[in-house]
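Sequences and hints are given; from them, build the entire structure.
All residue numbers for the sequence shown refer to full-length UniProt numbering, where the first residue is 1 and numbers rise by one.
To be clear, the hints were calculated from the coordinates, so they are not data collected in a lab.
It cannot be assumed that every hint is accurate.
Unchecked claim - Label-pair distances were calculated between CB atoms; the ranges are:
hint : residue 1 : residue 2 : range
1    : Gly54     : Ala28     : 15 to 25 Å
2    : Ser58     : Gly94     : 23 to 33 Å
3    : Thr133    : Pro66     : 20 to 30 Å
4    : Ala90     : Glu59     : 22 to 32 Å
5    : Ser112    : Ser22     : 27 to 37 Å
6    : Pro75     : Val11     : 22 to 32 Å
7    : Pro33     : Arg148    : 43 to 53 Å
8    : Pro75     : Glu41     : 24 to 34 Å
9    : Gly69     : Arg8      : 18 to 28 Å
Glycine residues also receive a C-beta, built at the ideal position from the N, C-alpha and C atoms.
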Amino acid sequence: MGRPTAWRAYVHIAEVLRRRVSDGTLSAGSLLPSEAALSTEFGVVRNTVRRALGALESEGLIETLPGRGRIVKAPGADSTPGLAYRRIAADLRGAIERGDYKSGAHLPSESSLTMTYGVSRGTARQALAELATAGLVESIQGRGWFVRAP
Numbered sequence: 001m002g003r004p005t006a007w008r009a010y011v012h013i014a015e016v017l018r019r020r021v022s023d024g025t026l027s028a029g030s031l032l033p034s035e036a037a038l039s040t041e042f043g044v045v046r047n048t049v050r051r052a053l054g055a056l057e058s059e060g061l062i063e064t065l066p067g068r069g070r071i072v073k074a075p076g077a078d079s080t081p082g083l084a085y086r087r088i089a090a091d092l093r094g095a096i097e098r099g100d101y102k103s104g105a106h107l108p109s110e111s112s113l114t115m116t117y118g119v120s121r122g123t124a125r126q127a128l129a130e131l132a133t134a135g136l137v138e139s140i141q142g143r144g145w146f147v148r149a150p
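Here's what the structure looks like:
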């Protein structure tokens, strides 16, 4: 197959990446190569790669994790962008209400939440801030986040 024309290159790139996901070369949770690496591999400019990646993201096949890159989404994964902090907050709220974290208990750090949920530090911080606004947790400078006393 010859090299696709410039205006069809992004379609070709998206097809190749889609195939890599379906055949397992890129498995769920794996990090995609950088835009620069894909630009070099396919001999195109980064905007063309971004267009291909945007198409795959629109299909729900991949997602962008700020500060980490793009990953392959697991089949059936939540595809509602921007709501990850709510999911984290709901999980922590449930754990507090079940008694998994008692009054005064130290909560997982922002770094731990970023690793557990595959989100940015800002997203983890936003989840904790939502719980603080609800009066469930508090931040103690230099020590972390703790469950507030009732």
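Each hint, compared with the structure:
no.: 1; hint: Gly54 with Ala28: 15 to 25 Å; result: holds, 20 Å
no.: 2; hint: Ser58 with Gly94: 23 to 33 Å; result: holds, 31 Å
no.: 3; hint: Thr133 with Pro66: 20 to 30 Å; result: holds, 22 Å
no.: 4; hint: Ala90 with Glu59: 22 to 32 Å; result: holds, 26 Å
no.: 5; hint: Ser112 with Ser22: 27 to 37 Å; result: holds, 33 Å
no.: 6; hint: Pro75 with Val11: 22 to 32 Å; result: holds, 23 Å
no.: 7; hint: Pro33 with Arg148: 43 to 53 Å; result: holds, 44 Å
no.: 8; hint: Pro75 with Glu41: 24 to 34 Å; result: holds, 26 Å
no.: 9; hint: Gly69 with Arg8: 18 to 28 Å; result: holds, 26 Å
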